[in-house]
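Engineer: Sequence:
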Amino acid sequence: MPLATRTLGRTGLQVTSLGFGAMEVRGPRIWNGRPVTDAEAERILNAVLDSGINFIDTANDYGRSEEFIGRYLASRRSEFILATKCGCNVVPSGDHDETPHVWTRDNLLRNIEESLGRMRTDHVDLLQLHNPSVADAEAGNLVEVLREIRDSGRTRFIGCSSTLPHLPTYIAWNVFDAFQIPYSGLERAHETWISAAADAGAGVIVRGGVARGEPGAGLGGKQRWDAWHKAGMDELLDPGETRTQFLLRFTLAHPGMATTIVGTKNPDHLAENVAAAVSGPLPADVYAEAKRRLEETGQRPTA
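For the sequence shown, my numbering begins at 1 and goes up steadily by one.
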């Protein structure tokens, strides 16, 4: 059974409900990423497309991610919708790279040219601001710069990766075609704002949709998983279902989201994610019960 597709808001793009977050092939210099060989990157990126996923998200400051996409997927460019982010800057610092953002027209124009060159394409489908504050966006006149890039044909649509407290203002501007927003059963702060963005006509890309990994993965967060245990969430799992698969299906159950980007460099984990997505969102009653239990532990949306 193929992956279900959903419409990415006013873009009209049909994206698979499960997308791929290519941050996982960034390499070790960015944010303590895991080492990734050329062969591993080639294998996982092609496995993503072979699995039926048609949406890939990256960023200018995701280490080697864009380079790998260009090297191994340029010949398959017609098979996927490509999103990247701008406002980025990479500064070498010993054994790692710092990633301060620079919110100027010159930097955004530099970013898109650099990204297109790395990915060996003449356009991206979606260019997103990479988490600026509203003050940054206003001071740099960033929306107009995005429109300039769009009008030049280097991107088809413009968007913004954002969080509270900035997201409500950005939604009210009604200028972004899509938003990238964090959300999972264990990180529900933006739940109602996903609905608000979708109701305003924007497509919603969910990041962090499997709670940033299970305990022991280094990104899970003890507080989140304490809530899982306090809520007795294991009781809601289907036989043989993992917590990660349940959380992915929880995310897919949100009616406002179009796609959720999940990253991995392990083809087996990719296959498990695809299988969970193919099985579909949680049934409405299970989704409601999961939210009820989580709210009792304090995991609830921010108004």
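Simulated from the structure, these hints should not be mistaken for lab results.
Even glycine gets a Cβ: it sits at the ideal position worked out from N, Cα and C.
Be a bit skeptical, because a hint or two may be false.
[As the list claims (entries may be wrong)] Label pairs and their in silico Cβ distance ranges:
| no. | residue 1 | residue 2 | range |
| --- | --- | --- | --- |
| 1 | 237 | 301 | 22 to 28 Å |
| 2 | 230 | 275 | 40 to 46 Å |
| 3 | 4 | 237 | 20 to 26 Å |
| 4 | 2 | 122 | 46 to 52 Å |
| 5 | 2 | 292 | 30 to 36 Å |
| 6 | 235 | 32 | 19 to 25 Å |
| 7 | 106 | 275 | 29 to 35 Å |
| 8 | 295 | 40 | 27 to 33 Å |
| 9 | 37 | 235 | 28 to 34 Å |
| 10 | 168 | 241 | 21 to 27 Å |
| 11 | 50 | 156 | 23 to 29 Å |
| 12 | 91 | 50 | 23 to 29 Å |
| 13 | 255 | 93 | 19 to 25 Å |
| 14 | 98 | 229 | 47 to 53 Å |
Engineer: Could you work out which of the previously given hints the structure breaks and list their numbers from low to high?
Structural biologist: Violated: hints 2, 4, 6, 7, 8, 9, 10, 12, 13 and 14.
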